[in-house]
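With chain A fixed as given, assemble chain B onto it according to the hints.
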Amino acid sequence: MRRTLLRVAWRASSVALVLALWEGVARSGLVNPRLFPSLATIGTEFVSLFTTGIIWEHLGATLVRVAGGFSAAAAAGILLGFVMARFVVFGRLFEPFFSATYPVPRVAVYPIFVLAFGLGHLSKIALVFLECLYPIAINTYYGTRAVDRQYVWASQNMGASPRQVFWKVVIPAAAPHIFAGLRIALPVALVIAVITEMIGATEGIGYLVAYAAASLSRAQVFAGVLVIAIVGFVLDRGITFARDRLIFWERPSVAIG
Amino acid sequence: MRRAAEGLAIPVAVLAVWEALSATGVLPRYVSRPSAVGAELSQLVGSGDVVQHAAVSLYRSMAGLAIGALSGVVLGLLSGSIRAFAVFFDPLVSFTNPVPKIAILPVLIVWFGITDTSKIVLIAITTFYPCFIAAYAGVRQVQPAWIWAARNMGARADQVFRKVIVPAASPHILGGLRIALALAFILMFASEAIGTAHRAGLGYLVIFAESGGRHDLMLAAITAIGLLGFAADRLLLLVARRVLRWQPEVFRA
Chain A
366 MRRTLLRVAW RASSVALVLA LWEGVARSGL VNPRLFPSLA TIGTEFVSLF
416 TTGIIWEHLG ATLVRVAGGF SAAAAAGILL GFVMARFVVF GRLFEPFFSA
466 TYPVPRVAVY PIFVLAFGLG HLSKIALVFL ECLYPIAINT YYGTRAVDRQ
516 YVWASQNMGA SPRQVFWKVV IPAAAPHIFA GLRIALPVAL VIAVITEMIG
566 ATEGIGYLVA YAAASLSRAQ VFAGVLVIAI VGFVLDRGIT FARDRLIFWE
616 RPSVAIG
Chain B
2 MRRAAEGLAI PVAVLAVWEA LSATGVLPRY VSRPSAVGAE LSQLVGSGDV
52 VQHAAVSLYR SMAGLAIGAL SGVVLGLLSG SIRAFAVFFD PLVSFTNPVP
102 KIAILPVLIV WFGITDTSKI VLIAITTFYP CFIAAYAGVR QVQPAWIWAA
152 RNMGARADQV FRKVIVPAAS PHILGGLRIA LALAFILMFA SEAIGTAHRA
202 GLGYLVIFAE SGGRHDLMLA AITAIGLLGF AADRLLLLVA RRVLRWQPEV
252 FRA
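Top to bottom, those sequences are chains A and B. Here my numbering is used: position 33 in the first sequence is 398, and no number is missing along the way. Here my numbering is used: position 2 in the second sequence is 3, and no number is missing along the way.
Honestly, the hints are just simulated from the structure, not real lab data. Model, not experiment: these values are computed from the prediction. Built from N, CA and C at the ideal position, the CB exists for glycine as well. Some hints could be false.
[Stated by the list, open to error] A few chain B residues facing chain A, derived, Cβ under 8 Å:
| no. | residue |
| --- | --- |
| 1 | E7 |
| 2 | V75 |
| 3 | L76 |
| 4 | L79 |
| 5 | F86 |
| 6 | F89 |
| 7 | L93 |
| 8 | F96 |
| 9 | V100 |
| 10 | A104 |
| 11 | I110 |
| 12 | A194 |
| 13 | I208 |
| 14 | G230 |
If we strip away everything but chain A, and leave its shape as in the complex, we get (with noise of 0.2 Å):
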């Protein structure tokens, strides 16, 4: 218990040594206050935002995207996944098609669904779907190809059923290479969301952030950063904390390297 907490303290300390020396500069004078408020000024701004209740319309808007388009895509993916690691002509028709358009930014695409969509929900639910489906399909189809054949061999042996096989092999095989998907695709999601929002949005974080910008009110930019940044970092763990729960068998997930 002792080691534990001087371990964490340990690794803190190079955080807290970069937040001090944010304090430092920002009260040292050199700078201008405006452009560089102190985590103070930024702290009284944040907790404002929670206190106005502003933060709450658009925390919400930017969470309904995140999580439309997440949840979409990870039903769409993890289906499309298995059915072309199942079917070889799926196979052969989608794994090429997703290899080649990979490495374009699809996020280009956005001004089409604003066109088609319009400026509200559903443009962002679909881009984010649309980024998220990528790595979901991809990591369910090697993951589901990967499964040891020995596994399907010996429940066959053993007299599984083909449902049986899926249910209780082929699934849990892969479930952690569909996690390793659904962990990338998550931070996707709300960088999207973000990303859209700041385009072009009536409401959502993104949205607020990118107004307070042009607005100049320069100390709600860095509170609503900050906003983001905490639910960047909730959404992470949450989905780390999901995966050691649920896949339990599997060592635990660290978080990097």
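Just chain B now, with coordinates in the frame of chain A:
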């Protein structure tokens, strides 16, 4: 060859259906026909317009990528090899990695204005992360036995680093670079679409064409961004295969 033909089946089918639906007027007018987009794109290339915009975009994304990738790889290698670096950078990176870096664009705009600088800095920060993580993880997975063997045979510390650690980590590093390259293009478009001062850049062209109702131009510019991203990735794979030719199994896409 057969693989390529199969891979083209879906895109060709989509384009054919799209062309047919546009020609018969089923699709709304803003979805220009593929043939019209192609004509616009070839005209853009011919007049040199798209080349100018692409050059500006490439300057921003590649300058940012160069700074981010170089600092990420160097610091990642150092963190993997020297404990003091790891103690400082590992917590900072793992704490800030899940944070969407695009969020700091407004902060950078506050500091640097809507300039190339704010875009380059944003792309440098974003691409730093996958490069750092890949180099760091790459060094840490080097088999200790290789390092011991090299030392046994009398290699100095710098020789172990150059002849053992860096080559053994290079497949990881190139994997990180590939992610960084894709991110550089995404952020190039995003930052240009959010705000561009000099009326230049492919992202600017997309937004400008959209607001002017020139949907063929918009789609042509989007296509140009897509082709550029695709070509850059293929170029990186080509380089990766050459650099790692002693490792035949990796980077066959």
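Hint-by-hint comparison with the structure:
Because the smallest distance between the Cβ of B:E7 and any Cβ of chain A comes to about 5 Å, under 8 Å, the interface hint for this residue holds. Taking 8 Å as the C-beta cut-off, the interface hint given for B:V75 is violated, the closest approach to chain A being about 17 Å. At a threshold of 8 Å, the smallest CB-CB gap from B:L76 to chain A is about 13 Å, leaving the interface hint violated. The beta carbon of B:L79 comes no nearer than 14 Å to any beta carbon in chain A, farther than 8 Å, and the hint placing it at the interface is violated.
Using the Cβ-Cβ criterion of 8 Å, the hint placing B:F86 at the interface with chain A is not satisfied: the shortest such distance is roughly 10 Å. Given hint, B:F89 at the interface with chain A, holds; its Cβ is 5 Å from that chain's nearest Cβ, closer than 8 Å. Because the smallest distance between the Cβ of B:L93 and any Cβ of chain A comes to about 5 Å, under 8 Å, the interface hint for this residue holds. Because the closest C-beta pair between B:F96 and chain A is about 6 Å apart, less than 8 Å, the hint holds.
Interface hint at B:V100: satisfied, since its Cβ lies 4 Å from the closest Cβ of chain A, which is below the 8 Å cut-off. For the restraint placing B:A104 at the interface with chain A, the shortest Cβ-Cβ distance is roughly 4 Å, inside the 8 Å limit, so the hint holds. With a least beta-carbon distance of about 6 Å to chain A, the hint placing B:I110 at the interface is held under the 8 Å criterion. Hint on B:A194 holds. Least Cβ distance to chain A is approximately 5 Å, under the 8 Å limit.
For B:I208, the interface hint holds, the least distance from its beta-carbon to any beta-carbon of chain A being 7 Å, beneath 8 Å. Given the 8 Å rule on beta carbons, the hint for B:G230 holds: about 5 Å separates it from the nearest Cβ of chain A.
Hint violations for this structure: numbers 2, 3, 4 and 5, all remaining hints satisfied.
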